[in-house]
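**Student:** So the chains spell out like this:
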Amino acid sequence: MNGTPQPYGLLAEVTHQCPLHCVYCSNPLALLDRQDELATDDWVRVIREAAELGVVQVHFSGGEPLVRGDLETLVAECRGLGLYTNLITSGLGLTPGRADSLVSAGLNSAQLSIQGDAAESTNLVAASKRFDKKEDAARIIRESGLPLNMNVVLHRMNLSRLDAIIDVCVQWGAERLELANTQYYGWALRNRDLLMPSKAQLDEAVGVYERRKAELAERMELLWILPDYYEPYPKPCMGGWAQTALTVAPDGVVYPCPVAAEITTMEFSSVRDHDLEWIWQKSAAFEAFRGTKWMPDPCRSCSRKELDFGGCRCQAFALTGDPGRTDPVCMHSPDHHLVQDALVRANQEDAAADGDTIREKLLYRRPRTSARER
Amino acid sequence: MDNSDLTATPRLATKAMLKHDRVRDVELLLLPERVVLLNKSGAAILGLCDGSRTVRQLVDQLERDFEATDLVNDVMMFLQDAHGRGWVVT
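Note that the protein sequences, when read in sequence, are chains X and S.
Quick note on the numbering used here: the first sequence kicks off at 1 and runs consecutively.
Quick note on the numbering used here: the second sequence kicks off at 375 and runs consecutively.
Any given hint could turn out to be false.
Reference listing, derived: stretches of chain X covered by chain S, where coverage requires no fewer than 3 residues with Cβ under 8 Å from a Cβ of chain S [claimed, not checked]: (1) 69-75; (2) 81-93; (3) 123-137; (4) 340-349.
To list a few chain X residues with every Cβ distance to chain S over 10 Å, as calculated [claimed, not checked]: (5) G9; (6) T320; (7) L362.
Keep in mind the hints are simulated off the structure, nothing from the lab.
Being a predicted model, the structure only gives us computed values, none of them experimental.
Virtual Cβ for every residue (Gly too), placed ideally from N, Cα, C.
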């Protein structure tokens, strides 16, 4: 094992099925069908192999993980192995009975997403009318004895509502709230011009965040996930490629991060063909960008290369078509104009549009087949 | 938790879980989105935070286990910090 890092976290994307259609969903554009999904036994094996590899936390996500009726079995497997489990959910489909059975199986925590502070936001962003279900889910999570963590993705259409969004989370009893500025991959990249906030909007929101963070210090933990397009340097994505965590997609393909399926020029292996240890330690895709040897300039000679690891490989691919280039977010990247152009558009006077126009322009996350049927 | 309160009965927060990591041979505190690497004394203190003993009893236990004396200040300081971080509740 000399030299090869050991992962702490497994993101188990057990399904791509989801009742929501979020315009910034991080799932790939080509969503997988139920028939492609790993069976319960496969997942049990994946969890065992992950524990052997050093994983201590398993995050069940999707899609909506509650769609899978075998979630309790998987959570119980984790508990048996002493792994910490976290449910990342839209809240839709969470009943008191389901919450109790998950807690009995050993679930340690839950993270509930909202799209904004009111029903309109869920309707506009997720094409769902079930904001009421989210409030129910928050109550069900708390009553089941689990700590309530919440998250909201921030963008042009809801940043001005930040105060009200935080109020909702306080009211619902959240212990922790992740304010995740949109990261532009997959569906979000397709909708980038409609999601990208202006600098003025963002500055105002940062002010709100800082004020509320201080106010709520004893009550709720607030986290601000940086809007990387507005940063001078890229994010240290995943703590570096294949360093601390891995993602297993619904079909068993293993990725170093949740959005790496977008890198269509790379071949990723499946747990159907290889064990997790081989994929993590030996597969070409995981070795490709480990460490700093792969780096081109300007990263290679940069003093920050151990700080941000060249930024995000998926973003480099999404914007330049080459996952081996410096993340274009970096001010030193030769491709930085690609990011700058998007920001220029977001800060033009006429960038704003009214609700109806936006709705027509937004591309909602849907399986391809049903999009064709429509 | 008050500085002088030796009668409090701290217990690990519901969201937190202690784990001996066999793969790395280290003690970990697991939280919803975080993994904290504990040193030996931190792990020993948190391991006794099960709501069944007072801080005084917890200190006595540690002094026996580690064959040490005068641990009270160190333990109190650690517990205050852990309480502030939401790892333990009283």
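**Student:** Could you let me know if the closest chain S CB is still more than 10 Å away from the CB of L362/X?
**Tutor:** holds, 29 Å
**Student:** Verify the coverage statement for the stretch 69-75 of chain X against chain S, using a C-beta to C-beta distance below 8 Å and requiring 3 or more qualifying residues.
**Tutor:** violated (count 0)
**Student:** Beyond 10 Å from every chain S Cβ: check whether that's true for T320/X.
**Tutor:** Non-interface label on T320/X holds, nearest chain S Cβ at 30 Å vs cutoff 10 Å.
**Student:** Is the coverage entry for the stretch 81-93 of chain X by chain S consistent with the three-residue Cβ rule at 8 Å?
**Tutor:** Contact hint for the stretch 81-93 of chain X vs chain S: holds, 3 residues under 8 Å.
**Student:** Run the C-beta distances from G9/X to all of chain S and say if the shortest one exceeds 10 Å.
**Tutor:** violated, 8 Å
**Student:** Do three or more residues from the stretch 340-349 of chain X put their C-beta atoms closer than 8 Å to C-beta atoms of chain S?
**Tutor:** It is violated: at least three residues are needed, and the stretch 340-349 of chain X offers just 0 whose Cβ sits closer than 8 Å to chain S.
**Student:** Within the stretch 123-137 of chain X, is the number of residues with a Cβ closer than 8 Å to a Cβ of chain S three or more?
**Tutor:** violated (count 0)
Hint check: violations occur at hints 1, 3, 4, 5; the rest are consistent with the structure.
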